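Undergrad: So the protein sequences, as listed, match chains A and B.
Per this note's numbering, the first sequence starts with residue 1, numbered consecutively.
Per this note's numbering, the second sequence starts with residue 1001, numbered consecutively.
It should be emphasised that the hints constitute simulated quantities derived from the structure, not laboratory data.
Some hints here could point you the wrong way.
Listed next, with one range per pair, are the computed distances between beta-carbon atoms [said to hold, decoys possible]:
1. B/1078 x A/20: 32 to 40 Å
2. B/1150 x A/222: 52 to 60 Å
3. A/275 x B/1016: 18 to 26 Å
4. B/1009 x A/446: 29 to 37 Å
5. B/1117 x A/228: 29 to 37 Å
6. A/183 x B/1077: 43 to 51 Å
7. B/1051 x A/195: 44 to 52 Å
8. A/412 x B/1010: 39 to 47 Å
A few chain A residues that don't get close to chain B, going by computed Cβ distances all over 10 Å [stated by the list, open to error]:
9. 94
10. 172
11. 216
12. 224
13. 327
14. 343
15. 625
16. 684
17. 734
Computed cross-link-like contacts, SDA-like style, restricted to lysine to any residue with a CA-CA straight-line distance of at most 20 Å [what the hints assert, rightly or not]:
18. A/635 x A/587
19. A/477 x A/635
20. B/1143 x A/649
21. A/635 x B/1140
22. A/93 x A/208
23. A/208 x A/334
24. A/635 x B/1008
25. A/635 x B/1139
26. A/405 x A/498
27. B/1143 x A/327
28. B/1143 x A/698
29. A/635 x B/1122
30. B/1143 x A/692
31. A/635 x A/682
32. B/1143 x A/696
33. A/405 x A/353
34. A/93 x A/242
35. A/208 x A/362
36. A/471 x A/587
37. A/635 x B/1089
38. A/635 x B/1077
39. A/228 x B/1089
40. B/1008 x A/242
All values derive from a computational prediction rather than experimental measurement.
C-beta: ideal position from N, C-alpha, C; glycine also.
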Amino acid sequence: MGKVKTIARRSFLIGSAAIAGGVAFGVWRYKTPYANPLEGGLRAGEAALTPYVKIDATGVTLITPRADKGQGAYHVQAALIAEELDVDLEAVKIDPGPPDRAYWNTALAPEVAEFSAPQEGFVRDALTGVLSSVMKFAGLQITGGSTTVPDGFVKLRAAGASARETLKLAAAARLGVEASALRTEAGRVIAPDGTALTYEELAADVAKMKPVQDVALRAPEGWRYLGKPMQRLDILAKSTGTQAYGIDFEIEGMAHAAVKLAPAQGGGLLSYDASAALAMRGVRGAYAVSGGVAVVADNTWRAFQAAEAVEAEWRASAMPASMEDHWAALEAAFVPSHQDSRVRDYGDVDAAMVDGALVTADYRAPYLAHAPLEPVSACVRVGEDGVDVWTGTQIPRFVQANVAKIAGVEAAQVRVHVLMMGGSFGHRLEDDVVRQAAEVAVQMRGVPVKLTYSRETDMAHDYTRQIAMAKMRGTVKDGRVEAYDLSIAMPSVVVSQMGRQGLSVPGPDSQIVAGAFEQPFAIPHHRVTGYRADPLAPLSSWRSVGASTNGFFYNLGLEELIEAAGADPLEERLRLVSDPLAKQVLEAVGEMSGWDGPRMGARRGRGVAMTRSFGVHCAEVVEVRDTDAGLVIDKVYVAAEVGRVLDPVSFENQVQGGVVFGLGHAMNCEITYENGVAEQQNFDSFEGMRLSQCPEIVVRGLENGTSVRGVGEPPVPPAAPALAAAIHAATGVRLREMPFSKFVEFAG
Amino acid sequence: MQLTVDGKTYDLDVEGEMPLLWVLRDEIGIKGVKYGCGVAACGACTVHIDGEAVRSCQVAAEDVWGAVTTINGLGSPEALHAVQAAWVTHQVAQCGYCQSGQMMQAAALLAEVAAPSDSEIDEAMRGNLCRCGTYPRIRAAVKTAAKTLAEG
């Protein structure tokens, strides 16, 4: 395997493998230098094929391994493949794919072709431009970090192109003509005389061939699907109530389970009495599971009712008693012994602080639940021939490993069927519900057990967004921002989240400062320091992760310094901005909003904010009106630099949704804990934005950069600080803590 | 107990207090009706009873006072209701989980008010939560559907 070293430096290789009745094309993935506990069986130089295209006698299947939680991931992945493969999206099957190692682990064939696309530099940029922690996620087939588009933009098209060219070679051999004389269209290879061979007919021939190398990807000018409005494949089903989600899953003989979990996060079961529950109609059994008790019945509602009827004694939580204690723990973390990172440190910040009037402020951001509208569920069946798991998940390979452990089988014997998700926002990066369903299923062998969380269980036992605090100090000189020192404290989300998967994450946590340390502003004296607080509530990645709190802190601090300098918020940002792409984003949002200063007349104002997150510069201008009924958000303008807009409709929808998500939580959402028990357990006390509060949202995607980016998360961080700035402009009230409803009133 | 749902009559043996939502989903098998909160705070379970939009999580089976229409009875992929057609045209859905309830609420509004104003749309739809934030598209789709219905 002398070639491996050369190959391994490249981003990826296209390969193919014979399968029953046909062929699969995809990307080879080598054992990486990182210790990946899930790839223990893979020896150095071996690789797993992640298949993207499958062709057999029954048709063409496009395999879209990244999960779809509503962001249109299945569609965009399929469109990327179809663009090069020349198939009609309406005429192919789309399969989210199994966890790859279970089905596709295979020793690397020595003759695997090396794919050398001419856009190699571009490939490298697209794939390595994201944070390294995100890349580690990607290797684990985790959907998150807005990586679906950057990761798939070249790989998926390359797989489609390689398959297409190899099909042409197979057709050339059959027809006795030069491959270069052949063309492809709608799943067929067509000869100059009009003879057409379908991909299905050629599949068995192709399986015996080496995949074609050196295929140039088509230029954007020739794209048929990408860059144009596409009707998403799931739209019809989602507009008629016929889309099946995880919670809708049904199979012959299935039992319905519900859980009663320790009221406090991190509490546990001491003892329980299920006699009242067992006497209720339709109830089949009760079992201790991780964190509480599961009750099995013949109907979801009966299971919910019976779970409520379980009497239990619980272990107390190790969490602090009150929210004051949580905040005090963050306050106590701003000390050298808790310093986690100081990646940005320009000029001489300490010296600059004594010159001029010092501006200081403290900021806070609360715990937040993910709360996708579909509560989590999982169905598990432990059978003689292995274990089946049906669930909506972003982490199929962790699910597979964890269920295997519970069932006492090899991971390869666990089949994970990924189902459509009714939202996620990071929620389905956790798998408690699957583990608990498996714990019941092993005690009811042969019976498919579907566990559904009630909304209250889902919200109270969510692993929330981090609580965070920041301290800003800075100085201004001659009407300009001169020095800006931002310190941020939070517990480590990554350590908490990965810890539940048995993984330890050494070194500084980039998420503690993400959305702050890498912002494109050349302030003469500038420092961002991350402090790691001791663990409090268990945490998980919430849409835009560290940047969801830090984008708020960073922009607010900058805003207050600009105000102290007497400068215009947009003009001063434009003066300070150091990245040409970021500058174009700021200019665009200024032009779109007709920016002429924060004040817009009596009781009206606008605010601007920009955050670079997940490789995307995203700037927003929010317009607010103060009315007798409360604050009204009239309009939001958004500009985001994403390299390429692959689907303008989906892009606009995603960006608008990100803005609503950012604004809604900033307005009125928080999770607070009393002795570890969440005080908000349903949408009556964790409301978010309502349609009646939703502003008009004008979106522009900029395509000046060379890196193609996903846009699921970047619109979230700038929304809250832009709203805070707008409220300040309209009312004079300076908001430094979310949710804002603690201090101001919004119209309903 | 007998219930008429989407034009079909069902004989059911269920507890009187079982919410209509769960009768529809688990006993009859109509999965287009969604569970989101169970406390009438999200609107995902909205159905029509005699044409009126109601939260099916709050109606006990024994209290159902008329014929029930669900999203699956409003129209089908082959024969779309004007509201569903507008939802397709505007590509409203992201995750799509709330949209059954949104469409049922919108259909009830349009049955009552042929050309609703912005504030009438706001008032009618404010109880239907969308966590993905598709509100701008919902507003546009309601207006398109109103136009389609007006043109007959």
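Undergrad: A separate judgement is required for each hint: does it hold in the structure or not?
TA: A quick look at each hint next to the structure:
Our hint of 32 to 40 Å for residue 1078 of chain B and residue 20 of chain A holds, since their Cβ atoms are close to 34 Å apart. For the hinted restraint 52 to 60 Å between residue 1150 of chain B and residue 222 of chain A, the CB-CB distance of approximately 42 Å leaves it violated. Between residue 275 of chain A and residue 1016 of chain B the C-beta distance comes to about 24 Å, which sits within the given range of 18 to 26 Å. Checked against the given bound of 29 to 37 Å, the beta carbons of residue 1009 of chain B and residue 446 of chain A, roughly 35 Å apart, stay inside it.
Our hint of 29 to 37 Å for residue 1117 of chain B and residue 228 of chain A holds, since their Cβ atoms are close to 34 Å apart. In this structure the hint that residue 183 of chain A and residue 1077 of chain B lie 43 to 51 Å apart at CB is violated, the actual value being about 34 Å. The beta-carbon spacing between residue 1051 of chain B and residue 195 of chain A, approximately 58 Å, falls outside the hinted interval of 44 to 52 Å. At about 44 Å, the beta-carbon gap between residue 412 of chain A and residue 1010 of chain B stays in the expected band of 39 to 47 Å.
In this structure residue 94 of chain A is separated from chain B by more than 10 Å, as the shortest Cβ-Cβ distance comes to about 16 Å. The Cβ of residue 172 of chain A lies farther than 10 Å from every Cβ of chain B, with a closest approach of about 40 Å, so its non-interface assignment holds. Distance to chain B confirms residue 216 of chain A as a non-interface residue, since its nearest Cβ pair spans about 32 Å, more than 10 Å. The Cβ of residue 224 of chain A sits about 19 Å from the closest Cβ of chain B, beyond the 10 Å cut-off, so the non-interface label holds.
Even its closest Cβ contact with chain B, about 27 Å, leaves residue 327 of chain A beyond 10 Å, as expected for a residue assigned away from the interface. Residue placement check: residue 343 of chain A keeps its beta carbon more than 10 Å from all beta carbons of chain B (closest about 32 Å). For residue 625 of chain A, the shortest C-beta to C-beta distance to chain B comes to about 15 Å, beyond the 10 Å cut-off, and the non-interface label holds. With a cut of 10 Å on Cβ distances, residue 684 of chain A falls inside the contact zone with chain B, its closest approach being about 4 Å.
Distance check for residue 734 of chain A against chain B: the nearest CB is about 27 Å away, which clears 10 Å, and the non-interface claim stands. A C-alpha spacing of about 18 Å is found between residue 635 of chain A and residue 587 of chain A, which places the hinted pair at or below 20 Å, so the restraint holds. Taken as a hint, the residue 477 of chain A and residue 635 of chain A pair is broken in the structure, with Cα atoms around 33 Å apart against an allowance of 20 Å. With a C-alpha separation of about 18 Å, the suggested pairing of residue 1143 of chain B with residue 649 of chain A holds against the 20 Å cut-off.
About 16 Å separates the Cα atoms of residue 635 of chain A and residue 1140 of chain B, which keeps this hinted pair within 20 Å; it holds. A C-alpha spacing of about 23 Å is found between residue 93 of chain A and residue 208 of chain A, which places the hinted pair above 20 Å, so the restraint is violated. Proximity of residue 208 of chain A to residue 334 of chain A is assessed by CA-CA distance (about 63 Å); at most 20 Å being required, the pair is judged violated. A threshold of 20 Å between alpha carbons decides the hint, and for residue 635 of chain A with residue 1008 of chain B the separation of about 46 Å lies outside it, so the pair is violated.
Distance restraint check for residue 635 of chain A and residue 1139 of chain B: the Cα-Cα separation of roughly 15 Å lies within the 20 Å cut-off, and the hinted pair is therefore satisfied. For a cut-off of 20 Å, the pair hint linking residue 405 of chain A to residue 498 of chain A stands: about 17 Å separates their Cα positions. Taking the CA atoms of residue 1143 of chain B and residue 327 of chain A, the gap is about 47 Å. The hint is violated against a cut of 20 Å. Restraint check for residue 1143 of chain B and residue 698 of chain A: satisfied, since their Cα atoms lie roughly 18 Å apart, inside the 20 Å limit.
Distance restraint check for residue 635 of chain A and residue 1122 of chain B: the Cα-Cα separation of roughly 16 Å lies within the 20 Å cut-off, and the hinted pair is therefore satisfied. Note on residue 1143 of chain B and residue 692 of chain A: the hinted pairing holds, with a Cα-Cα distance of about 15 Å set against a maximum of 20 Å. Our distance criterion of 20 Å between C-alpha atoms is broken by residue 635 of chain A and residue 682 of chain A, whose separation comes to about 29 Å. Proximity of residue 1143 of chain B to residue 696 of chain A is assessed by CA-CA distance (about 15 Å); at most 20 Å being required, the pair is judged to hold.
At most 20 Å may separate the alpha-carbon atoms for a hinted pair to count; residue 405 of chain A and residue 353 of chain A exceed this at roughly 56 Å. For the hint pairing residue 93 of chain A with residue 242 of chain A, the CA-to-CA distance comes to about 17 Å; that is within 20 Å, so the pair holds. Distance check on the hinted pair: residue 208 of chain A and residue 362 of chain A sit about 65 Å apart at the alpha-carbon level, beyond 20 Å; violated. Simply put, residue 471 of chain A and residue 587 of chain A have alpha-carbon atoms about 29 Å apart, too far for the 20 Å limit, and the pair is violated.
In summary, the hint linking residue 635 of chain A to residue 1089 of chain B is not supported, as the alpha carbons are separated by about 24 Å, beyond the 20 Å threshold. Distance hint between residue 635 of chain A and residue 1077 of chain B is unfulfilled; the C-alpha atoms sit about 35 Å from each other, more than 20 Å. Between residue 228 of chain A and residue 1089 of chain B, the direct Cα distance comes to roughly 15 Å. Compliance with the 20 Å bound is thereby established for this hinted pair. Pair hint residue 1008 of chain B plus residue 242 of chain A holds up; C-alpha atoms about 18 Å apart against a cutoff of 20 Å.
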